[in-house]
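**Q** Each chain is listed here by its residues.
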Amino acid sequence: MDAYSSVVLYIALFFGLYYQIFLLVTFFEKEEEDSEEKEVYEPTVTIVVPCFNEVRTIAKTVTSLLKLNYPKEKLSLIVIDDGSTDGTFAEASKLISLGDIQVLQQENSGKYVALNKGIRLAQSEIVGCLDADSTVHPDTLHKMLPYFLRTKVVAVTPAMKVHEPKTLLQKMQNAEYNIGIFLKKIMGKLDAIHVTPGPFSLFKRSIFEEIGYFKHAHNTEDMEIAFRIQHHRYRIANCPQGYVYTVTPPTFKKLYKQRVRWTYGFLKNVLDYRHMFFNRKYGNIGTLTLPFAVISIILAFLVIGNSLYNFSSSAVESVQRYMVAGISFGWPSFDIFFLNTSSISLLTFIMLCSSLTIILLAWNMVEGKTRITRDIVYFIALYGFIAPFWLAKASWNAVRSKAVSWR
Amino acid sequence: MEITSKKKYIIVFFITAGIFAVAFIVSNYINDRRYEVIKTTADKISIDILSLETQFELFQESSCASLSNPVLSDEINALADRLSYAENQRGINDEDVITLKKYYSLLEIKDYLVMKKVDSRCDVNPISILYFYTNDETCQDCANQGYVLTKLRDDHPLLRIYSFDYDLDLNAIKTLIAINKIPKEELPALVIEGKTYTKFKSIEDIQKIIPALAATSTASTTTGKK
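Same order as they appear, the protein sequences are chains A and B. So in the working numbering, the last one in the first sequence is 407, and the numbering has no gaps at all. So in the working numbering, the last one in the second sequence is 226, and the numbering has no gaps at all.
Rather than coming from a laboratory, the hints here were simulated on the basis of the structure. A portion of the hints provided could be inaccurate.
Subject to a maximum C-alpha distance of 27 Å in a straight line, what follows is the list of computed BS3-like cross-link-like pairs (lysine-lysine) [what the hints assert, rightly or not]:
hint, chain 1, residue 1, chain 2, residue 2
1, B, Lys184, A, Lys189
2, B, Lys7, A, Lys189
3, B, Lys7, A, Lys281
4, A, Lys281, B, Lys8
5, A, Lys281, A, Lys215
6, B, Lys174, A, Lys30
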């Protein structure tokens, strides 16, 4: 291994291990403010559901909102059709009689425009948004609202789970989302959440009047609003018990497109809010989340490049060996002497153990079981191989400033 | 109780640095243990060298039948593999690795000389190849020649291949190089039955030089006659 490879790997391992240990230390710290979670807080709430060509799922989404365990007189829904061409508006209109539901239609102008329209119409203290491909657990709203009682909290994010994972990629994402719930809980403790996801994030309505409404924000308006909230030094809490179920891309093509959009949006928003980097004024999001997220993307490229280089060198050597000496048959023998015990191998092993610990802690927290499931195996086996594709494409687009579509 | 942010950053830094330090210490410890294993084998080789010489002295006093075939033992082949691994791990300039390579080279030369004496007295026809290589990048074909010889050794276990690092600072190797007139720029080089062949030689080339290797039976590579 040459000096360049070693240096890259050592840096990647140090950052990776540092980040993981930071997360684990935070997880095991006792939370100061957990008394509010047991309280009941029932302000008026409006949920805005922006939709575009969601004829198949809109009824299910709205029905799940109507089933929320919440006083009916304090809950209203606004469905905004963003110029669908598949009859979503007509389908949504059939639901008006079921509760306090307004169904509106606008020319296709983007999700953030639809969201803003709904928020402006809302009269409630709290507004939430829910993507039309997602459903909520009946207790979610009740569990999320008490977090608003915490000092300076203006937004609360839910725990996102995959709705009925069927394909291999959906099962992989199921593991990813469960790990995400665990990580979001930690990020919430650190006040370092950088995205308020479309599926059922709640906001104090007054915050929009103070810091402005949703923006186009490179098709990741849910990320930009979180950056803006953090920029104004308000807090975003996370409710790990507030489950929201979302439909995830079943195929690689759809997943790739979604993740290119997310990563591209992240990189562009990071550029827009670069003043927060390593700025202690913004707390852990400035000194931990953002720098480590960007560093991890850069290091991912270096490690991938390094792995490809090593793999190709090894392949060239094997071809060369085959060309001059043909194939040798025989069973490979094992000798403990040849076990790789270099410091890089040991550190990689420690890092893998640490990653596995995080995965198992996440599983225990979300599923109540500490065991390696099939979904975890899919995640470990696949994610590292497919994520570089969208990381590379999104980075390339970001460098060229090429916009991506939200659908 | 939540640790204040700055304090936590520092604590985590020290934990991470501590883990790195432990990994380095453990790795070095295991490497040292590995070196000890090689050293022990090398010490055993020293005894083997003496044993070979003694065996030959005894042999001169007795019949050819009583001579056990002084084939390079599995241990020595294993040492070659371990040395090669240590060379990859610790680098070709590591002093310990160089010392062990010298031990190994001396044993090879000794085995080669003993086998020549055995051949002259007992009419044994061992097939042996002296192989000279360099780790310099100037020798593009040294790796390829290594693959060819490894393949031949795998196919013909009784074939004796003695490999020597041209750049190893060992007078015995320098003498071998001088006797066989091998210029560095002509590497890789093979010496077969006293004749020097420079530059890369394929399996077919070597089989033409040593027709016995073309035979499928591995047992035919060394024949003992009395």
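**Q** Against each hint, give a clear statement of whether it holds in the structure.
**A** Here is what the structure says about each hint:
Under the criterion of a C-alpha separation no larger than 27 Å, the hint pairing Lys184 of chain B with Lys189 of chain A is inconsistent with the structure, at around 67 Å. The straight-line distance between the Cα atoms of Lys7 of chain B and Lys189 of chain A is roughly 16 Å, inside the 27 Å bound, and the hint therefore holds. Proximity of Lys7 of chain B to Lys281 of chain A is assessed by CA-CA distance (about 16 Å); at most 27 Å being required, the pair is judged to hold. A threshold of 27 Å between alpha carbons decides the hint, and for Lys281 of chain A with Lys8 of chain B the separation of about 17 Å falls inside it, so the pair holds.
Restraint check for Lys281 of chain A and Lys215 of chain A: the C-alpha separation of about 24 Å stays at or below 27 Å, so the hint holds. Restraint check for Lys174 of chain B and Lys30 of chain A: the C-alpha separation of about 71 Å exceeds 27 Å, so the hint is violated.
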